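**Q** The task is simple: from the sequences and hints, build the whole structure.
Counted from 1, the sequence shown has number 163 at position 163 by our numbering; the numbering is strictly sequential.
Keep in mind that a hint or two might mislead.
Across the chosen pairs, the derived CB separations fall in these ranges [to be verified]:
#: 1; residue 1: R108; residue 2: P29; range: 18 to 24 Å
#: 2; residue 1: L20; residue 2: R170; range: 21 to 27 Å
#: 3; residue 1: W32; residue 2: A72; range: 17 to 23 Å
No lab work stands behind these hints: they were computed from the structure.
The structure presented is a predicted model; accordingly, all values stated were derived computationally and were not measured.
Note that beta-carbon positions come from the ideal geometry of N, C-alpha and C, so glycine has one too.
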Amino acid sequence: MGPVGHAIVAYLAWTTFTHLRGGRSPTTPEVWLVALGSQFPDLVDKPLAWSLSVLPAGRSLGHSLFTVVALAILLRRLVPPDRHSLIVPFLAAILTHDLTDAIAPLNRGEPEYVAYLMWPVVEQPQYDPPPPLLAAFGESVLHGLSGTGVVVIAVTVAVWLADGAPGLPRGRRSRKD
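**A** Dropping the structure here:
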């Protein structure tokens, strides 16, 4: 799944959660943390694997459930207690990314390609050589953009607008004297 798809899934999951749990729309800080979390695994793994060859694959450290647990522990210690609620949207978005990346290999009947969820405990299968990073980025942004993809984007934008377009700065209204 490409960056846009990950952002859509994470936003829709988070807005559903906030509406069901709290009867409210997501807040601006939550939306930005969801956006960051939805890209976090690829922002960690792709450059470290493809450009620096530090990781074994483009799905390893950043995609591992062990990383999510470690981040939860680390963020709970570093983030002030009155801001702990902001850890949840970030981690939830990382989890949606990790789990949506598992859909395609499972649909293809290749469960070994979901081993990244347990990296480094479970050995990774051999992946094809990665494309050049910028080419991969351009390809992944447009990945899956079809008629259905356009409809999904339109529906997500409609949901986001119904939520009050969280994430955008609010304009100041001038007072009339």
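**Q** With respect to the beta-carbon atoms only, verify the hint that W32 and A72 lie 17 to 23 Å apart.
**A** 19 Å, holds
**Q** Determine whether the Cβ-Cβ distance between L20 and R170 falls within the hinted range of 21 to 27 Å.
**A** Since the Cβ atoms of L20 and R170 sit about 25 Å apart, the hinted range of 21 to 27 Å holds.
**Q** Between the beta carbons of R108 and P29, is the distance compatible with 18 to 24 Å?
**A** 37 Å, violated
In summary, the one numbered hint that this structure violates is 1.
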